[in-house]
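Since each chain comes alone in its own frame, lean on the hints to assemble the complex.
Top line first, the protein sequences correspond to chains L and H. Numbered per our numbering, the first sequence spans residues 72 to 385. Numbered per our numbering, the second sequence spans residues 0 to 277.
No lab work stands behind these hints: they were computed from the structure. Keep in mind it's a predicted model, so treat the numbers as computed, not measured. Among these hints, one or two may not hold up.
To be verified - Okay, the calculated bits of chain L under chain H, using three or more residues with CB under 8 Å as the criterion:
#1 109-119
#2 212-218
#3 301-309
To be verified - Pair ranges (Cβ atoms, derived):
#4 L:76 to H:101: 40 to 48 Å
#5 L:82 to H:9: 51 to 59 Å
#6 H:231 to L:249: 31 to 39 Å
#7 H:234 to L:104: 25 to 33 Å
#8 H:65 to L:161: 27 to 35 Å
#9 L:161 to H:196: 17 to 25 Å
#10 L:326 to H:65: 38 to 46 Å
#11 L:78 to H:105: 30 to 38 Å
#12 L:161 to H:4: 50 to 58 Å
#13 H:143 to L:249: 54 to 62 Å
What the hints assert, rightly or not - Cross-link-like lysine-lysine pairs, in silico, DSS-like; alpha carbons within 30 Å at most:
#14 H:20 to H:173
#15 H:112 to L:300
#16 L:263 to L:385
#17 H:173 to L:107
#18 L:366 to L:74
#19 H:274 to L:93
#20 H:101 to H:274
#21 L:86 to L:300
#22 H:112 to H:20
We treat Cβ as the ideally placed atom computed from N, Cα and C, and that holds for glycine.
Below, each chain spelled out in residue letters.
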Amino acid sequence: MAKAIMAAPRDAYGKTLVELGKENRDIVVLDADLSKSTRTIFFAREFPERFFDCGIAEQNMIGIASGLAASGKTAFTSSFAVFTPGRCFDQIRISAALPHLNIKVVATHGGISVGEDGASHQAIEDFALACAIPGMRVIVPTDAVETAQVIREAANIGGPFYIRLPRSSVPLIHSDSYHFELGKSAPLREGKDITIIAAGVMVSAALQAAAELEKDGVDCRVLSMPTLKPIDEGAIIKAARETGAIVTAEEHSKFGGLGSIVSQAVTKNSPVPMSMIAINDIFAESGKPAQLLQKYGLTAVDIKREVISTISRK
Amino acid sequence: MSKLDLFTPIAAEELPATAKKLRRHIIKMITAAGSGHPGGSLSAVEMVTALYFRVMRHSPTNVDWVDRDRFVLSKGHAAPLLYAALAECGYVPTEELYTLRKLNSRLQGHTDKTATPGVEMSSGSLGQGLSFSIGIALAARLNEQDYRVYTLLGGGECDEGQVWEAAMAAPHFKLDNMVALIDNNRLQIDGWNKDIMNVEPIAEKWHSFGWHTIEIDGHNFEQILSALDKAEAIKGQPTAIIAHTIKGKGVSFMENNVDFHGKAPTPEEAEQALKELE
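Chain H with its partners taken away, still in its complex shape (with noise of 0.2 Å):
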């Protein structure tokens, strides 16, 4: 094989401007697509910049390497983010992001494998991306291959059934190659986790399944490395990050704001939101 052109990991500083940057970008494309959900977006910035920029080992130029790093988005609709990220590390070119949503676009409103370099899963229905990951997870070991898989998952969407089926899976088959990262944002569409239905408490649901079960504050890289960190020192069981986060992060009037779950901000709302961004 010839010689590997591996994205360079940012140094740890350089983290919050990057998660920044991604933050614009998530503003302006949805604004740019009049649809989209940026609060489940902005909720995870941290997470994926930190997977992405540091902690990842991955190849834009080299998009199927067999043993790079996975990340699954399971929240498919926190695909601005990702779109995001993977534009930023050179996956895709950052003009495309505002083709979000259009048609011919390779940005699809929910992520879909086929059409975007980078995205290692189709999704868009809630509750799936544990189960692929675990797929993936099980091809490493089978392949006696030594990448890891990170698993992106919305708090809401833990209402799903299937999440506790793939929770009481991947700890079965002893898969400490993967690590779920719950952003726990606490909030679903409509309304409050436990208002709709309470996913409370959930570390002690991930921790009784057969996880290890690490929580920290979501929007803090210290913490997020080390949690990241610690998960790969762990064996014979998968890690979950409880992540407690806030939608909308970043954006005042976005923050803890249902109202932006699936919104678009207006023209003058995202001038507002990119100010208070610079």
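In isolation and in its complexed conformation, chain L is listed as follows (with noise of 0.2 Å):
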């Protein structure tokens, strides 16, 4: 396989936010301290007088947003994943998703591959805070060239977003042909035997793990599913009938995310074997992100391993 080109969805999400600047003087970015991480800041620069440094102080920030976009401004919040929704979900809930209002929290360090700074920073519960809020738009972009198209396509929709990013580079899926629509999953490999549902991070390693399978003579169909909510219920009722096997990976608890929302579907419309690639219920730790990927069983060794485990139930 050739040498996948890496790229940081942070950095995609930071210049997009510029062109969006230029194009439209309503949006407005804030962020809680963090924007040099979260790459806000080259916004920061370019319209200082539209950029809001809130501090450290993430529910005032959501706050700050919500009242904001009820004036009429298209409000993206940064900080990590930790801290919104994780520190905000009550002010996330009543200031900004109640009212419905046109905010896009954007949080990055999203997952265990957060790395060295350890289970405080690492963020496996965000997915089911944001998919729990009603009418919530919830998304897991896959690399920096989808990164870029979410932030625009965020930007256009109203209401209230959460958008999750990592905090490492990840190799470059899509191509720049490549069109991302709200709530559309992205086939990027047909197959019969069985389905590979991945989200983010996970959807590399989703690849290479069919990659390899496809030597042992398994023939694996991989979703990309950047949407959790709404999720695309019709591609995966297709993968189930067409595949009759699923197997889900996200860097998420295993309690209310990808596997939990493609479960509820498989189970209502088309019950087929399936099993779910995420973090136990556990607390991770400091450490490389490769090595917490490979200690918490989230490679293409895992995936591979519950792939095969998956279609000898079917």
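This is the structure we're talking about:
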């Protein structure tokens, strides 16, 4: 396999904000003292009058963003995923989502691949928190190309969004001709024996697993599922009917994330053997991202193992 | 833009009579609902009356007029007070007040921006209104609009940490287009503030956070109007009006009685209350 081109989704986020800022003077950006890490600093340098650093006060940041949104602005807020939604779930719920305001909560540093900062900084509950809020659209972009499109799409569509990005650079999966559509999965590989449905940084692991399984004679379909909510139920049902087994893969707790959502669709419409690659009911720890992904079972090897065991249950 | 149909302010002398009307609505609608929060609604009647009927520029027939002054009710459990004011101003029919808290009503138990014309913010989880108001005030600056933002907070609400995040931020952003009105009725659900979580010295706290601070009797219209006037003249910093008030004000058996924080009067109690408010 050719060496993948790596790119950081958060860089794509920062650059896209600048483009949006040039096109639309109603775009405003807020951060909570992490603008260098989240890359909102790109926007801050270009449009200082439309950038609001709220200091280390995420709850206040969400409230301010909501007030701006209620006054006609499209407000992007950023922090780490453990802090938004982690620190300010109630503010996102009451100030932003209940009035259905035009606020885009974009969190970087999602998942355990944050690495050395340890469990306190590794958001593994944010999909569940965000998805549980009525009307919230939840997106986990796959790579930098998709991130840029997701940010544009979120700016174009009214109402609240939660978008989770990783800290690290990830392989580019999509070409420039790719087109993201809210609520639609992206078929990355056709296959008839089983479907791997993956989100975020797990997509490249899923593709790797599928390529290796091909050598063993297993024909895997791979679906990238960037939108967790509203979920692409049609593609899930189709995958269940056509391939007869599903494995999901996500960098999130196994409670309330992609696996839970997919299993709801599957059990209701077309029950087939299913398995979830996700983090067990445990906090992770400090370590290098690759070490953590390995220790906590989020690698291509883990996906391969689950695929084989799930197919055996068909 | 077509000519605006602005609310016509009433004379200062008429404010007490209007306040009494709002109090009667509050008692009647909470009684009809069978639940709700009379104490903290009654304590802020004069402030809300002064704002809606005398001070704020707003248009009940053009609710979303972009240059309107904004009233943000942070202590969302005082929703009956806001609904009473909105009804008397013409945003909703007064008969509709008696749908409060009932199924399919536009008048939710705590304010819902999407449900009620004239409600600026959804609330019900305390401590969030001042942050929201900062956003509105910043938008005015970005858009070069001259509207003002008035936020009503409870004294007990100041227990919430987010209030102080916002209290730190508004002076930092030098927002002189916003006023925080603190309805300091000194009671919270579990008892007196000083016993549950002492918020005093409250005026000193706001002052030390960088607010121009004015202390008033929150039931005295002259003092309320004068404080709001002074606030408008203050440049480069926001103003906090610490209003000393009485929870349940206007109904003898509700005054300073924490039992009526979140309890509807019985029909007999309501009758007695309305007699006192004639």
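TODO: State, for the Cβ atoms of residue 234 of chain H and residue 104 of chain L, whether the hinted interval 25 to 33 Å holds or is violated.
DONE: holds (28 Å)
TODO: With respect to the beta-carbon atoms only, verify the hint that residue 161 of chain L and residue 4 of chain H lie 50 to 58 Å apart.
DONE: violated (38 Å)
Open item on the list: Holds or violated: residue 366 of chain L and residue 74 of chain L, Cα atoms, limit 30 Å.
Closed with: Given pair residue 366 of chain L, residue 74 of chain L holds - Cα atoms ~24 Å apart, limit 30 Å.
Task: Cβ distance range 31 to 39 Å for residue 231 of chain H and residue 249 of chain L, holds or violated - done: Cβ of residue 231 of chain H to Cβ of residue 249 of chain L: about 54 Å, so the range 31 to 39 Å is violated.
Open item on the list: A range of 17 to 25 Å was offered for this pair. Does it hold for the Cβ distance of residue 161 of chain L and residue 196 of chain H?
Closed with: With Cβ atoms ~19 Å apart, the hint holds.
Task: Pair hint residue 112 of chain H and residue 300 of chain L, alpha-carbon separation not exceeding 30 Å - done: Roughly 24 Å between the alpha carbons, so the hint for residue 112 of chain H and residue 300 of chain L holds.
TODO: State, for the Cβ atoms of residue 76 of chain L and residue 101 of chain H, whether the hinted interval 40 to 48 Å holds or is violated.
DONE: Taking Cβ atoms as reference, residue 76 of chain L and residue 101 of chain H lie about 60 Å apart, which means the hint is violated.
Task: chain H over the region 212-218 of chain L, status - at least 3 residues with CB closer than 8 Å - done: violated (count 0)
Task: Holds or violated: residue 86 of chain L to residue 300 of chain L, with C-alpha atoms at most 30 Å apart - done: Since the Cα atoms of residue 86 of chain L and residue 300 of chain L sit roughly 25 Å apart, the hinted pair holds (cutoff 30 Å).
TODO: Could you say whether the range 30 to 38 Å given as a hint is met by the Cβ separation of residue 78 of chain L and residue 105 of chain H?
DONE: violated (49 Å)
Open item on the list: Run the distance test for residue 112 of chain H versus residue 20 of chain H: straight-line Cα separation, threshold 30 Å.
Closed with: The hint holds at about 24 Å.
TODO: Closer than 8 Å, Cβ to Cβ, for at least three residues: run that test on the region 109-119 of chain L against chain H and report holds or violated.
DONE: Violated, because only 0 residues of the region 109-119 of chain L bring their Cβ atoms closer than 8 Å to Cβ atoms of chain H.
In the structure shown, a violation is registered for the earlier hints numbered 1, 2, 3, 4, 6, 11, 12, 13, 14, 19, in ascending order.
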